[in-house]
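**Student:** Work out the full structure, taking the sequences as your base and the hints as a guide.
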Amino acid sequence: MDASMMNIVIIGGSNTGLMNGIVLKRLGHNVRILEQNTQSQRDDLAAGITTHPVFEEFMERHDHTAESWSIHSPGVQFLNKAAAVTRRLNRPLQMTSWGVIYHHLRANFDGFQSNFCPNPPAPAKGDGDAVFECGKRVTGLVHTISGVEITYEDLLNKKEEGKLLADLVIIANGANSSLRSTIFTGVERVYAGYVAFRGTVPESEVSDEAKKTFDPNLTYNSFNNGYILLYIIPGTDGSIVPGHRRYNWVWYHPLAAGSPELENIMTDSSGVVHRNTLPVGTMQASEWAPYVALASKIMCAPFAEMVRKTTQPFITAIGDVSCPRATAFDGKVLIAGEALNLVRPHMALSTTQSAMQALLLEKVLKREITLREWEEQVLQYGRVSALKTNAFGSFFLYGYLSTAGWLVKLAGALLGHLPPFAWLSASAATESSKKK
Numbered sequence: 001m002d003a004s005m006m007n008i009v010i011i012g013g014s015n016t017g018l019m020n021g022i023v024l025k026r027l028g029h030n031v032r033i034l035e036q037n038t039q040s041q042r043d044d045l046a047a048g049i050t051t052h053p054v055f056e057e058f059m060e061r062h063d064h065t066a067e068s069w070s071i072h073s074p075g076v077q078f079l080n081k082a083a084a085v086t087r088r089l090n091r092p093l094q095m096t097s098w099g100v101i102y103h104h105l106r107a108n109f110d111g112f113q114s115n116f117c118p119n120p121p122a123p124a125k126g127d128g129d130a131v132f133e134c135g136k137r138v139t140g141l142v143h144t145i146s147g148v149e150i151t152y153e154d155l156l157n158k159k160e161e162g163k164l165l166a167d168l169v170i171i172a173n174g175a176n177s178s179l180r181s182t183i184f185t186g187v188e189r190v191y192a193g194y195v196a197f198r199g200t201v202p203e204s205e206v207s208d209e210a211k212k213t214f215d216p217n218l219t220y221n222s223f224n225n226g227y228i229l230l231y232i233i234p235g236t237d238g239s240i241v242p243g244h245r246r247y248n249w250v251w252y253h254p255l256a257a258g259s260p261e262l263e264n265i266m267t268d269s270s271g272v273v274h275r276n277t278l279p280v281g282t283m284q285a286s287e288w289a290p291y292v293a294l295a296s297k298i299m300c301a302p303f304a305e306m307v308r309k310t311t312q313p314f315i316t317a318i319g320d321v322s323c324p325r326a327t328a329f330d331g332k333v334l335i336a337g338e339a340l341n342l343v344r345p346h347m348a349l350s351t352t353q354s355a356m357q358a359l360l361l362e363k364v365l366k367r368e369i370t371l372r373e374w375e376e377q378v379l380q381y382g383r384v385s386a387l388k389t390n391a392f393g394s395f396f397l398y399g400y401l402s403t404a405g406w407l408v409k410l411a412g413a414l415l416g417h418l419p420p421f422a423w424l425s426a427s428a429a430t431e432s433s434k435k436k
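Take 1 as the starting number for the sequence shown in my numbering and just add one per residue.
If you are wondering where the hints come from, they were derived from the structure by calculation, not from laboratory data.
Derived DSSO-like pairs: lysine-lysine, alpha-carbon spacing no greater than 30 Å straight-line:
#1 Lys297 - Lys212
#2 Lys332 - Lys163
#3 Lys81 - Lys297
#4 Lys332 - Lys363
#5 Lys366 - Lys125
Have a look at the derived ranges for each label pair, beta carbon to beta carbon:
#6 Asn224 - Ser270: 27 to 37 Å
#7 Asn264 - Ser178: 19 to 29 Å
#8 Asn264 - Asp43: 17 to 27 Å
#9 Ala285 - Asp43: 17 to 27 Å
#10 His143 - Gly75: 46 to 56 Å
#11 Pro123 - Asn264: 42 to 52 Å
#12 Asp208 - Pro121: 34 to 44 Å
#13 Gly186 - Gln377: 23 to 33 Å
Nothing here was measured: the structure is a model prediction, and the numbers come from that model.
Cβ coordinates follow ideal geometry from the N, Cα and C atoms, glycine included.
**Tutor:** This is the structure we're talking about:
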């Protein structure tokens with residue numbers, strides 16, 4: 001890859017695209033992000049994020065705002081049905097939300113001003129141009145002698161067609177990327193047999209008893225064929241001040257593929273069936289009520305309270321997808337983030353994966369590693385992350401016997417003997433049938 005100044009287009013303006021964009025513009029390259037969403041100001045998504053050292057390294061190096069972005073959690077605790085602590089782990093973690101990270105990254109990429117970051121940093125000497133364009137749906141990529149030709153629809157201008165020529169393109173438009181499918185035919189998202197119910201409760205609405213149980217730890221409660229976890233995240237305005245934060249929970253629950261239960265809960269209030277995510281604010285109250293009742297039966301009281309007090313739950317159908325390569329078009333196209341490798345959320349490694357990819361790409365452009373080495377490392381990281389995460393989730397959902405297959409594959413990946421693709425779907429097809 002030529003390390004001289006390039007014109008780079010990133011497809012997808014979420015956190016993966018922004019992390020790569022920040023690194024590249026600070027190396028002097030001109031970066032244009034094409035985002036399908038028509039609004040720069042994005043909803044918070046009510047989604048919590050647990051970070052790890054790689055992401056924290058990224059923020060330490062590349063977040064030039066003066067705003068705090070996380071809440072410290074000193075450790076992890078596990079509760080039984082009586083809400084008694086059965087195990088503690090001294091593992092400090094940083095907790096945040098999608099909205100906080102997105103707006104911090106936007107402030108650093110193109111100086112976007114928001115309530116989260118009202119005083120974005122000024123461009124530094126040597127920065128390249130950074131442009132964030134909303135309402136651009138990319139429809140095609142063509143490899144040319146001069147680079148990569150990008151075709152897009154302008155959703156803000158009567159879907160008029162536009163074209164761009166780039167020296168380098170990064171596909172970072174998520175796990176459902178249609179562009180990825182045109183490059184790697186047959187690579188599709190595979191449902192894993194269970195969903196994640198998610199929600200938040202304002203700190204002001206949480207009982208004192210529940211606060212005493214949870215604060216300030218990452219807390220788990222496991223039960224037959226499922227488990228729930230909870231941690232504190234910033235408020236909807238990014239506030240980390242006690243009293244203005246939120247309690248964020250995730251409940252993993254098996255629902256068989258093709259079952260009426262899955263279809264019903266993934267059908268929104270207007271009758272539309274969603275395949276992967278039922279968005280915030282669209283849940284049918286009649287479909288959610290049985291799960292609220294189930295939570296009271298199977299969970300300890302503090303967790304049941306969180307589920308009961310959540311007014312805007314949403315759902316993600318957990319799935320797997322993995323690309324055989326991270327480069328295409330002779331290295332002129334890179335695939336990053338969940339477009340490359342969808343990691344189940346049990347261990348919160350998705351954001352970490354994107355940060356690692358961006359930091360390694362920085363090394364490529366500085367000629368510290370080759371593009372081939374970048375590809376080898378991001379693919380290996382994705383394999384190992386997915387296998388560790390799947391074993392972790394299977395243990396809590398179905399018991400230790402269900403982890404055997406994942407652990408064997410993990411050993412193979414660590415030893416370098418695992419084939420680069422097609423290992424996820426076979427396991428996902430049978431995993432949900434396994435019981436404790």
